[in-house]
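Could you put together the complete structure from these sequences and hints?
Chain by chain, the residues run as shown.
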Amino acid sequence: MKQPHHSPHLPYSAYLVERRDLSEDTSLFRIAPEADALTELSSFVPGQFVQLSVPGGGEIPISPADLPAAQGTVELCVRRVGHVTELLHKLEPGAQLGLRGPFGCGFPLDDMAGRPVLLLAGGLGIAPLRSLLMHLLRQRERYGDITLMYGAKQPGLMLFREELAALAAAGGMRLYLTVDFAPEQLEGGYSCAIGLLPDLLKGFRFDAANTYAAVCGPPPLYRCLVADLERAGVAAQRILLSLERRMRCGVGRCCHCAIGQKLCCVDGPVFRASDLKGIPEAL
Amino acid sequence: MAKNFLKTSRLDQFLETLRLFGELHAPTISESGVHGFAPLDDPADLNLDYRRTQIPPKKYLLPFREEILQCAGGKYREGNSGAGDMVLFGVHSCDLEGIAYLDRVFLSDPVDPGYSARRARLTLVGISCVPDDYCFCPEEMTSTACDLFLGASAEGFHLSCYSTRGRALLAAAEHLLEEGAPLPAATCSGPCFPPQDPDLRFSDHPLWQKFASTCVSCGACSVCCPTCYCFDVREYPGLAGGGTRIREWDNCLFATHGEVAGANFRPDRLDRLRYRFLHKYCGFTPLQGTSSCVGCGRCKAVCPVDIDLRELTVAPKRVQP
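Sequences listed follow chains A and B, in order.
Following the numbering used here from start to finish, the first sequence increments by one per residue and tops out at 283.
Following the numbering used here from start to finish, the second sequence increments by one per residue and tops out at 1321.
Treat the hints as calculated values from the structure; they're not laboratory data.
Please note that the accuracy of each hint is not assured.
[To be verified] So the derived label-pair ranges between C-beta atoms look like this:
hint, chain 1, residue 1, chain 2, residue 2, range
1, B, V1305, A, P218, 35 to 43 Å
2, B, E1248, A, F181, 39 to 47 Å
3, B, P1267, A, G156, 41 to 49 Å
4, A, C105, B, A1038, 43 to 51 Å
5, A, C105, B, V1305, 36 to 44 Å
6, A, P220, B, Q1054, 18 to 26 Å
7, A, G156, B, D1109, 40 to 48 Å
[What the hints assert, rightly or not] As a list, the in silico BS3-like pairs of lysine-lysine whose alpha-carbon atoms are at most 27 Å apart:
hint, chain 1, residue 1, chain 2, residue 2
8, B, K1300, A, K90
9, A, K277, B, K1300
10, A, K153, A, K90
11, A, K202, A, K277
12, A, K262, B, K1059
13, B, K1059, B, K1300
14, A, K262, A, K202
[As the list claims (entries may be wrong)] A few chain A residues that don't get close to chain B, going by computed Cβ distances all over 12 Å:
hint, residue
15, V17
16, I146
17, Q154
18, A209
19, A236
These figures come from a predicted structure and were not determined experimentally.
Note that the Cβ used here is the ideal one computed from N, Cα and C, for glycine as well.
Below, the structure is given as structure tokens:
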């Protein structure tokens, strides 16, 4: 619920509970926001985003990597890549942060119910899809077959790999991993293809006519995967894309996240591929 | 008959009365010859014989740079909107409609606190105008999006009142007014430049290429547009810790506007120019389908390479792609 007395610009207070390094430059930050923020976050739908403030640094849009936990924390998977993320990565547990949100439209869970779901994640694109995956697995009986295809540049950059392997071993989903190249010895005895995500999709047999596909990754990934999925028989309205833009305000005003006549922060960040047809700047 | 006519000879006294409602700002000319809204300390500085100010009145509602948050000890609090009561006198219908559009954007849910505070303290007094070659608006457009509107005639001004505050202004100035003839009804309200044929707007029509080949991405058309409002948000750390978060006008003609990490979704001038006019004439979420062009003509007047958007609405039908 929006609190009418609370300014849309003003972040709620939050603090860093703990941080877990996932790769050389990417960590999972567990954040505890104040009670009012948690009330707003209780409406969170996987695929939505929050605005994380690092005091004195600025604000960045991040799609949580899991649903807000019962103990009142939010998990954000963040790569050290710019000014604000650099500052975030220097913080110690207990550090003050700010949080606004959730914003935008997440995955259409009700429409996806009863159908097979194919998740396609490239690189850091696993973060928003992880919150979807966690939701699907928690309400496993509501959905059909669940398959995650996850591609990373190399094995060391594959995030959550033990966790994903354990989830797959538990039997709730099928997991296919691929890396662009493998300069290092693969550890842990899990199987991993070498090649790009579209190569993985090529050999995959599935119920394309009923499947919902959820895609998140770097911009070039969308361009080829949407065409591949459509060719395989997945209708464009069932191809869900989580897009990245620089959302500044989160409430549809600053226009930094415009995609044609849509705004990523209110109409997205999850779009159906069918809604993006004819917008040259979308993908 | 109602007392609603102000003789030109009493304009100065009328302005003094307006000062009771807030700091008076009005059209003036700067030393360098630029028309602009500015505080009117001396009534002699008033310049009502203007076509358009260089910067539209949006500057009063959306300051070029505004501190939205202060941060200390790791906690944020809201910045001060810093607004006192203000009377903006002598605003043309196009600019009034521009403000009405901004109201739709910034006063919708969730209400923008800074804008809403400044808007609540702003009294708008409109005035009729004489369009010139740059104007896009239909003849005799009269906006009702103000508190009081002055229709100029040879001897003075016919006053029309459109709000409770407008009635208060009239009451305060009653001793200066005379009985006037009843006014014709307002003729037009709302953006006036008609939305265009969608196929044309964003097709690969050669006119876009032509515009893009001369556009220098200076962004002047956006800065001067009364309804362009997109902004950037930045945060600056304080020397002794804490920091300040500001928002400032941004410009979709600049290459950085469509950037994300590792990509730019509008890398070419053509993309950016077309994007700007898609938004201007066809609107976007949540005002998709609503044109926000009010016909003020600033974009054409300030364009250093003479791009005239009216070509898009007139010529394309005749140009063979």
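How the hints compare with the structure:
| no. | hint | verdict |
| --- | --- | --- |
| 1 | B:V1305 with A:P218: 35 to 43 Å | 36 Å, holds |
| 2 | B:E1248 with A:F181: 39 to 47 Å | 44 Å, holds |
| 3 | B:P1267 with A:G156: 41 to 49 Å | 32 Å, violated |
| 4 | A:C105 with B:A1038: 43 to 51 Å | 44 Å, holds |
| 5 | A:C105 with B:V1305: 36 to 44 Å | 40 Å, holds |
| 6 | A:P220 with B:Q1054: 18 to 26 Å | 43 Å, violated |
| 7 | A:G156 with B:D1109: 40 to 48 Å | 46 Å, holds |
| 8 | B:K1300 with A:K90 | 49 Å, violated |
| 9 | A:K277 with B:K1300 | 32 Å, violated |
| 10 | A:K153 with A:K90 | 25 Å, holds |
| 11 | A:K202 with A:K277 | 23 Å, holds |
| 12 | A:K262 with B:K1059 | 26 Å, holds |
| 13 | B:K1059 with B:K1300 | 20 Å, holds |
| 14 | A:K262 with A:K202 | 32 Å, violated |
| 15 | V17 | 15 Å, holds |
| 16 | I146 | 29 Å, holds |
| 17 | Q154 | 18 Å, holds |
| 18 | A209 | 31 Å, holds |
| 19 | A236 | 20 Å, holds |
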